[in-house]
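Residue numbers (numbering that gives the first Met the number 0), protein chains in the order written: chain A, 0 to 455; chain B, 0 to 455.
Treat the hints with care, as some may be off.
Since the list gives no way to pick one copy over another, a pair counts as held whenever it fits inside one copy or between any two copies.
[Said to hold, decoys possible] Derived DSS-like pairs: lysine-lysine, alpha-carbon spacing no greater than 30 Å straight-line:
hint	residue 1	residue 2
1	K429	K129
2	K8	K72
3	K129	K95
4	K410	K79
5	K198	K28
6	K8	K128
7	K259	K129
8	K8	K129
9	K79	K198
10	K429	K8
11	K324	K95
12	K404	K72
13	K366	K255
14	K284	K450
15	K450	K129
16	K28	K128
17	K259	K324
18	K128	K404
19	K429	K30
20	K129	K451
21	K45	K128
22	K128	K95
23	K28	K171
24	K45	K95
25	K171	K410
26	K255	K45
Treat the hints as calculated values from the structure; they're not laboratory data.
Keep in mind that this is a model prediction, so the values were computed, not measured.
There are 2 protein chains.
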Amino acid sequence: MSQKEIPYKIYLEENETPTAWYNLRADMKNKPAPLLNPATHEPMSKEDLAPVFCEELVNQELDNTTRLIHIPKEIRDFYKMYRPSPLVRAYCLEEKLQTPAKIYYKFEGNNTSGSHKLNSAIAQAYYAKKQGLKGVTTETGAGQWGTALSMACSYFGLDCKVFMVKVSYEQKPFRREVMRTYGASVTPSPSNETNVGRKILEEFPGTGGSLGCAISEAVEVAVSTPGYRYVLGSVLNQVLLHQSVIGLETKAALDKYGIKPDMIIGCAGGGSNLGGLIAPFMGEKLRGEADYRIIAVEPASCPSFTRGTYAYDFCDTGMVCPLAKMYTLGSSFMPAPNHAGGLRYHGMSSTLSQLYDDGLMEAVSVKQTDVFAAAEQFARVEGILPAPESSHAIKVAIDEALRCKENGEEKTIVFGLTGTGYFDLVAYQKFHDGQMDDYIPSDEEIAESLKKLPQF
Amino acid sequence: MSQKEIPYKIYLEENETPTAWYNLRADMKNKPAPLLNPATHEPMSKEDLAPVFCEELVNQELDNTTRLIHIPKEIRDFYKMYRPSPLVRAYCLEEKLQTPAKIYYKFEGNNTSGSHKLNSAIAQAYYAKKQGLKGVTTETGAGQWGTALSMACSYFGLDCKVFMVKVSYEQKPFRREVMRTYGASVTPSPSNETNVGRKILEEFPGTGGSLGCAISEAVEVAVSTPGYRYVLGSVLNQVLLHQSVIGLETKAALDKYGIKPDMIIGCAGGGSNLGGLIAPFMGEKLRGEADYRIIAVEPASCPSFTRGTYAYDFCDTGMVCPLAKMYTLGSSFMPAPNHAGGLRYHGMSSTLSQLYDDGLMEAVSVKQTDVFAAAEQFARVEGILPAPESSHAIKVAIDEALRCKENGEEKTIVFGLTGTGYFDLVAYQKFHDGQMDDYIPSDEEIAESLKKLPQF
Numbered sequence: 000m001s002q003k004e005i006p007y008k009i010y011l012e013e014n015e016t017p018t019a020w021y022n023l024r025a026d027m028k029n030k031p032a033p034l035l036n037p038a039t040h041e042p043m044s045k046e047d048l049a050p051v052f053c054e055e056l057v058n059q060e061l062d063n064t065t066r067l068i069h070i071p072k073e074i075r076d077f078y079k080m081y082r083p084s085p086l087v088r089a090y091c092l093e094e095k096l097q098t099p100a101k102i103y104y105k106f107e108g109n110n111t112s113g114s115h116k117l118n119s120a121i122a123q124a125y126y127a128k129k130q131g132l133k134g135v136t137t138e139t140g141a142g143q144w145g146t147a148l149s150m151a152c153s154y155f156g157l158d159c160k161v162f163m164v165k166v167s168y169e170q171k172p173f174r175r176e177v178m179r180t181y182g183a184s185v186t187p188s189p190s191n192e193t194n195v196g197r198k199i200l201e202e203f204p205g206t207g208g209s210l211g212c213a214i215s216e217a218v219e220v221a222v223s224t225p226g227y228r229y230v231l232g233s234v235l236n237q238v239l240l241h242q243s244v245i246g247l248e249t250k251a252a253l254d255k256y257g258i259k260p261d262m263i264i265g266c267a268g269g270g271s272n273l274g275g276l277i278a279p280f281m282g283e284k285l286r287g288e289a290d291y292r293i294i295a296v297e298p299a300s301c302p303s304f305t306r307g308t309y310a311y312d313f314c315d316t317g318m319v320c321p322l323a324k325m326y327t328l329g330s331s332f333m334p335a336p337n338h339a340g341g342l343r344y345h346g347m348s349s350t351l352s353q354l355y356d357d358g359l360m361e362a363v364s365v366k367q368t369d370v371f372a373a374a375e376q377f378a379r380v381e382g383i384l385p386a387p388e389s390s391h392a393i394k395v396a397i398d399e400a401l402r403c404k405e406n407g408e409e410k411t412i413v414f415g416l417t418g419t420g421y422f423d424l425v426a427y428q429k430f431h432d433g434q435m436d437d438y439i440p441s442d443e444e445i446a447e448s449l450k451k452l453p454q455f
Numbered sequence: 000m001s002q003k004e005i006p007y008k009i010y011l012e013e014n015e016t017p018t019a020w021y022n023l024r025a026d027m028k029n030k031p032a033p034l035l036n037p038a039t040h041e042p043m044s045k046e047d048l049a050p051v052f053c054e055e056l057v058n059q060e061l062d063n064t065t066r067l068i069h070i071p072k073e074i075r076d077f078y079k080m081y082r083p084s085p086l087v088r089a090y091c092l093e094e095k096l097q098t099p100a101k102i103y104y105k106f107e108g109n110n111t112s113g114s115h116k117l118n119s120a121i122a123q124a125y126y127a128k129k130q131g132l133k134g135v136t137t138e139t140g141a142g143q144w145g146t147a148l149s150m151a152c153s154y155f156g157l158d159c160k161v162f163m164v165k166v167s168y169e170q171k172p173f174r175r176e177v178m179r180t181y182g183a184s185v186t187p188s189p190s191n192e193t194n195v196g197r198k199i200l201e202e203f204p205g206t207g208g209s210l211g212c213a214i215s216e217a218v219e220v221a222v223s224t225p226g227y228r229y230v231l232g233s234v235l236n237q238v239l240l241h242q243s244v245i246g247l248e249t250k251a252a253l254d255k256y257g258i259k260p261d262m263i264i265g266c267a268g269g270g271s272n273l274g275g276l277i278a279p280f281m282g283e284k285l286r287g288e289a290d291y292r293i294i295a296v297e298p299a300s301c302p303s304f305t306r307g308t309y310a311y312d313f314c315d316t317g318m319v320c321p322l323a324k325m326y327t328l329g330s331s332f333m334p335a336p337n338h339a340g341g342l343r344y345h346g347m348s349s350t351l352s353q354l355y356d357d358g359l360m361e362a363v364s365v366k367q368t369d370v371f372a373a374a375e376q377f378a379r380v381e382g383i384l385p386a387p388e389s390s391h392a393i394k395v396a397i398d399e400a401l402r403c404k405e406n407g408e409e410k411t412i413v414f415g416l417t418g419t420g421y422f423d424l425v426a427y428q429k430f431h432d433g434q435m436d437d438y439i440p441s442d443e444e445i446a447e448s449l450k451k452l453p454q455f
């Protein structure tokens, strides 16, 4: 098919959109390692998980065999408000780079939460509502997940209680206001509302909080309040399952025009976007039906795939959650204050970790200033102001397109543009003012953190 | 056609999008009054306007007869990056209101500038480039227009010099950073770079600036720098012409499903969005082919249609621009500090003013807290966080839908959702905290300002 017959944006019709999520684990020969009970080191059972998570979500978390899981009509109706998201042919970027490569990106930022997080938030809120719950609790750092969850809860009339890391609460009042607009209660963490919060405040009266502490508070409120459960926006199997809608739509749009990508690129923090984007492509690869290069991009400041180790670790710095086997820098690893936002997690989804360990995907790490330079280049030609997270994928897509130019190869590149950068302009400002640094952790720093992995 | 056959979002295919703008003036029996030279009170000629504006844009400004003006390929290519914009059926809002009315909105916020302003910015940048100019100057208050223009100039490789009202420059650093990301130079106004700026700074050293002063600086730089012209984002005929793409797409999408609206609602500041949205519908009305209720919504704090007078007035508070005949509160009218953003202009497009004076459209004014309550209600069910400007139209669309419910009428309502509210969260915060007031100017205040209209 000639290049010009492919529109700038490929939209699917409503009847071409997925009716089931794809559970990648069903096609994995080596299944992801199970979550372990931190006390007994036994795999977490349904009963272990039920006090914390909704029943149906626990089922999805533990289900390694069902390939397709029906998307309930209520969730599909919500998806219709902002999905299908466009698959965009980056004609302008290609021209700017003068590359023979064909570049496509799946844009997940066209909804008020500004990112792909909404795909799982609405599913989790739906199952909470279906179970007859009154509300859910969660934590948020920068606020992307909290925003998505507050929108989802507002739609289903659920209470939404967000513990927001105090320093973010104070420095990012706009994210907080969006959550309030959607009726969420937003509490700076640590707070006086929980035992763990009070304890931390007593010990460190001036602390700005941490994600680990916010998780602990959110879990405490969920398990101690009748009718509440805790929800999480990344890392978990259930989240990757819901996010498979990204990849399924991408594949349907490509198939519609007979396009077969050579490589699929996504940024990786906890793995929610990458796991969703690559799902159906990785499925074909696992079943031996097709081959693709699949590339995870992580920040050089927090390189869990490229410099971490594959081991059981705590999911949170507070060490209250189950143990997960994953590529990790150690739960005590503190990434330098930087602007990789949602990519500053010390570990990585168990599913993606297993696939990476099995040699089914690659990983690269990129420096922050290079990421922002790519973001700016992209914004100027493609119009969209990208989130810093998404810009990690942009950076590597541009690198690969330039390599195609060098080698005269007409490869087809697909990358995930997970969100918009409207709430990240402090970072853009630092970049413009030349005040952004490229901190890269030393080998010693990582080794020190890995020494504290749980031993058993 | 049954309700459920109509999708949530009606997208046009690329080949269904407009190839020409529609010049509403061609169908007006009573043409809009011409701009007058402030010194001679004679109509501004092409020669009078050429030192300030690009040639082709002057032609468009003065052309009251050509009905369809071809959209150049270069502009259509850019439109393809973010257009066609979706026409959304507000199923969720309808259900929430339990109204028999059918509500549609044309959503113009799905681009990085966050509003419809980009439709005219790209056209103006194109004609500047085509004329071989080096760059353009403009002013911006809140920053919506400056953002759109910086994106457009970046695309065509034009210099973009934005004078940003100093108080906004300091209070809205994020808008400034978006403009810088697109390579624009942003100068707080008043500045030391112009005669008028230096004069004002000498007289009022601590001033936070004003739109009138920023216009004067932008015009001074444009006319005194070789290869530069001045561009403007609203009020002018040329801007309404470019914005007709909104209405043309809306009408094409409705026609595709055989839908005939009963009323069309848009917010009105200078008139750029409203004039564009209603253009083809008003055209049918002018030609006697169809009838529609057309409703302009303005803030009660700045009610030029509903409480102003129809007279020649200065377009800017600095009184350097041509005189325009329009509904006006007087160029010395100072709207109370509020959050209507782009709707705080003292006057109104000459074209819309003539149509209103001829009884072809209605106008209503709404209070600020009512507007934000409607915005929040809309956000919670439809997902999108609306701009305060757009929320004026939401408020009246909801009012009309509730009237339908009362009367058991199945009317079809179309309104313009011009943009998103990501940069307006300070206003949302005030609303949430109960700190937003509803200042309405007194009759005496308006009369006092109208006394200063130019007399001749």
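Checking K429 and K129: alpha-carbon separation at most 30 Å within a copy, between copies, both or neither? Answer is neither; intra-copy 45 Å and inter-copy 35 Å both fail.
When Cα atoms must be at most 30 Å apart, do K259 and K129 count as within-copy, between-copy, both, or neither? neither (39 Å within a copy, 39 Å between copies)
Up to 30 Å between alpha-carbons, please classify K45 paired with K128: within, between, both or neither. within (19 Å within a copy, 65 Å between copies)
Alpha-carbon proximity between K284 and K450, which holds within one copy, between copies, both or neither at 30 Å: neither (35 Å within a copy, 77 Å between copies)
When Cα atoms must be at most 30 Å apart, do K171 and K410 count as within-copy, between-copy, both, or neither? neither (40 Å within a copy, 42 Å between copies)
With identical chains treated as interchangeable, where does the CA-CA distance between K129 and K95 reach 30 Å or less: within a copy, between copies, both, or neither? between (49 Å within a copy, 20 Å between copies)
Can you tell me if K28 and K128 fall within 30 Å by alpha carbon in one copy, between copies, both or neither? Result: close neither inside a copy nor across copies, 34 Å intra and 58 Å inter.
Classify it for me, K8 with K129: is the Cα-Cα distance of at most 30 Å met within a copy, between copies, both or neither? Classified as between: cross-chain Cα gap 27 Å, same-chain 36 Å, threshold 30 Å.
When no copy is specified for K429 and K8, does a C-alpha distance of 30 Å or less occur within a copy, between copies, both, or neither? neither (32 Å within a copy, 38 Å between copies)
Within a copy, between copies, both or neither: where do K450 and K129 come within 30 Å Cα-Cα? Neither: 43 Å inside a chain and 64 Å across chains, both beyond 30 Å.
Which holds for K79 with K198 at a C-alpha limit of 30 Å: within a copy, between copies, both or neither? neither (44 Å within a copy, 56 Å between copies)
If the cut is 30 Å between Cα atoms, do K255 and K45 qualify within a copy, between copies, both or neither? Neither: 40 Å inside a chain and 51 Å across chains, both beyond 30 Å.
Against the hints set out earlier in the document, violations occur for numbers 1, 5, 7, 9, 10, 11, 13, 14, 15, 16, 17, 19, 20, 23, 24, 25 and 26.
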